[in-house]
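Asks: Letter by letter, the chains look like this.
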Amino acid sequence: MQTVSQIIPAADKPRRVARVFGHTPFLAWLLGAAAAVLLEHLLGETFAGLVGLSKVPVLFGLMILMSKPLLFPGALLYVAVIYLLPLLCVAGLLTRPANLVAAALLRFGPAFAVIVHLALFYGVLHFWADISGYRELTVKFTLIAVLLTLSLNLINGYMGEFSCSHPGFMALGAYGASTFTLTLFVNNPLFGKALLPGFLGPWLFPLGLVFGGLLASLGALLIAIPSFKTRGDYLAIISLAFLFIVKSLLENLPFLGGPRGMGGQPDYAGLPVVFAWTAMGVWIMNNYVRSTLGKSLNAIRDDEAAAEAMSVDTRHTKMTAFMFAAFWAGVAGGLFAHVMRFINPATFGVQRLAEMLAMVYFGGLNSVYGSIVGAVSLNLLGEALRPLELFKWIFIPLLLILVMIFRPTGLLAFREFDAVRLVRPLDRDSQGGAP
Amino acid sequence: MRKIPYLLVAALVAGMICSPLAWSKTRPIKVGINAPITGDNPKVGEGTKFAAEMWLEDVMAAGGIMVGGVRYPVQLVIEDNEYKPESAVKATTKMVIEDEVLVLVGPQASSQAVPAGGVADSYATPMISPWSTNPNTTKDRPYVFRGCFLDPFQGPVVANFIKGEFGFTRAAVLYDVAADYSKGLAEEFKKAWEKINGPGSVVAYESFTTKDTDFSSQLTKIKNSTAEVIFTPQYYSEVALIVPQARDLGWSKPIVGSDSWGSADLVKLCGPACSGLFFSTHYAAAGAAGATKEFIDRYQAKFGYVPDDVGALTWDSLRIVQKAIENTGKLSGKIEQDRKAVRDAMAKIKEFEGITGKMTFTEDGDPIKCAVVVRITESGEFAFHKSVCP
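For the record, the sequence lines run as chains A and B.
Under my numbering, the residues of the first sequence are numbered -15 to 419, in order.
Under my numbering, the residues of the second sequence are numbered 3 to 392, in order.
Honestly, I wouldn't trust all of these hints.
[To be verified] Listed below are the simulated SDA-like cross-link pairs for lysine to any residue, each with C-alpha atoms no more than 25 Å apart in a straight line:
id, chain 1, residue 1, chain 2, residue 2
1, B, Lys360, B, Glu55
2, B, Lys223, A, Pro238
3, A, Lys39, A, Leu23
4, B, Lys32, A, Leu49
5, B, Lys192, A, Asn236
6, B, Lys342, A, Asp114
7, B, Lys32, A, Gly33
[Claimed, not checked] Away from chain B, derived, C-beta distances all over 10 Å, residues of chain A:
id, residue
8, Phe111
9, Ala289
10, Asp411
Hints are computed from structural coordinates only; laboratory data are not their basis.
Where a beta carbon is used, it is the ideal one built from N, C-alpha and C, also for glycine.
With the hints as constraints, model all of the structure from the sequences given.
Replies: What follows is the structure, given as structure tokens:
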């Protein structure tokens, strides 16, 4: 009898955890994260000293694991006490009130609820990144990677084509936006004196990004026209050729700096700007793939002839998707140029293409969640494995191979991303009695 | 089963007590090395790393760097920049903020040094790039220095050398249009040559793209022009293709190069076709004397090959860093203050005796130093031919 009574609670444990956290809404998790970040701001430095670390572990102690394994227990303890403990406590304690608040927010309309959540999420991210400039830089590059990955996923995942021209679009956006800001707001050797006063710069910067994006769309149009009749491998080859054309073009245009590149971009791409553009991009692209246009993309992927027969204008749909994806790649390129504050043609080569494809296929095809997961995990891994040097380039590809073997479409493929579903309350009353 | 949590806690505590930082006394001086260990040019990263390790060995053998009567131990923080600009930016930011390095050495190539220099300057951390020749690396950046001469200096050096040595009046240039270094230097050479010999004296100005391996069409054009000499500012791997191909096409006149030729692998790849040719560089390994010879011998004994200019320039840069730290007179322990002190001391360095020549920094943080013209001997050594000073 005794053994049985010992077994039952053990087997019951996951269920008990599910009972505690199963009804915890996203809002409560965000509040928990906010508490953790606040605690880090107040006590992070002191506690890090207490567990034998010289600084707050920058990326959840991942880097310490690789560079100084002896310090890893301390980093683990830090993550447990500063992040996990407040996260779980606050999320658990606030489950009921957060459910009520989430329900109240939804009453003002789904858009309002989503924006409040997004603002809270940004707050958490901002304070987390505030601890160190390195964190902030990593977050910025990761957000840009999310935008790039999702835009490539539109073509390679949702439309089912294999496009290799994305670094080219990114380059067009980067050079377009840089030319815009450098000509208008900065005195520089390439374009001479600034045409407008500098204080306008941050306000007109979105225009520069849109300009870069439109330039990339134009590039997409140029390559879409000759590739109407091609699919599969042939489109891949044409798009690869486009990538090389853009790169050589930029190398041979002396007024854009040639192979020496273009530097001195003004510092307009702070974390709020990058976050706002990424959030907007994800939102718009998510709406796009859930619209009729997006669904017809899937139809084309699965059977183009059948889609055509079912009244899908395939040519129009493909062209829109291509230009739309290129626009966001261009915006991401513009942001990238202003975070780096230097670009050269060699940055937008085949290696960048490989990175982007890896993020898309690692995260998952045809999925917004997948793109976010792919971009974030590969970016964090890339930073965390920095101390391994050469072995980093063995480990990451190995991981990719394993994912391709065990989940051929990526980690989180074919998921729909519904922001309203994400922010809804999870208690029984608001779900109409369903468990 | 119950004991596992307790064991875990015990292990954690033990780990913390054993951690080196729990009982360290004097805070070591951290020097950041930003090198392309992986990526397109791993040999550059290797040379950097080896020179840095040799330097660390020397410093630690002396017990550390002596500043104001206190010996500080030194710690190297080596980060890989993968020969990519954004990775160089990330590595620089990480070393400045997370590792709190006092001073940065590298990146080497301009495509990484230009953006990384911007980061170092904005965080007010002194940085010295041993090998970057692009003027933008240091321009308007008080915290950024370099250890080598610039293209606007090297171009005229080569032009003057050819004029003085051979008395030619018509030259041809063959360069990689996609590599910023080659293109920049080709332009500087053209400018200088036409200044000496009048406009139109560069009779052939031919280009190709990175990773091209067949140069016969460009070389035929050059051969059919009236050029008396070819100047090709290419990396050693391409030089080893260009020179034999030119010889096969019947070009028997001289071919002259720049500092990018100066790799131990050049002669191995190029063979006898390259012997007797001249190029300008930072130092000559064969026939070196004094400290330079000592460095070369030690490097060769330790790593098995004669160091190329990256290694020598990194060595000099690290010694400049060391001297600047010593010259501060006192380290306060406050990193921002010390970084500024090191920067000021570095800017004041005059007539520094490096193994690649005497150096004095200009306002922009660029050294005034001499270039060396070397001749590739029949036995494949780079022999000193003459020294050209500004």
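Asks: A separate judgement is required for each hint: does it hold in the structure or not?
Replies: Here is how each hint holds up against the structure:
Distance restraint check for Lys360 (chain B) and Glu55 (chain B): the Cα-Cα separation of roughly 23 Å lies within the 25 Å cut-off, and the hinted pair is therefore satisfied. For a cut-off of 25 Å, the pair hint linking Lys223 (chain B) to Pro238 (chain A) stands: about 24 Å separates their Cα positions. Between Lys39 (chain A) and Leu23 (chain A) the alpha-carbon distance is near 15 Å, which keeps this suggested pair within the 25 Å criterion. Taking the CA atoms of Lys32 (chain B) and Leu49 (chain A), the gap is about 20 Å. The hint holds against a cut of 25 Å.
Taking the CA atoms of Lys192 (chain B) and Asn236 (chain A), the gap is near 18 Å; set against the 25 Å cutoff, the hint holds. Distance hint between Lys342 (chain B) and Asp114 (chain A) is fulfilled; the C-alpha atoms sit about 24 Å from each other, no more than 25 Å. Restraint check for Lys32 (chain B) and Gly33 (chain A): the C-alpha separation of about 19 Å stays at or below 25 Å, so the hint holds. Listed as outside the interface, Phe111 (chain A) is consistent with that label: its C-beta sits roughly 17 Å from the nearest C-beta of chain B, beyond the 10 Å cut-off.
Non-interface status of Ala289 (chain A) relative to chain B is upheld: no Cβ of that chain comes within 10 Å, the nearest being about 41 Å off. No beta-carbon of chain B is positioned within 10 Å of the beta-carbon of Asp411 (chain A); the least distance is around 32 Å.
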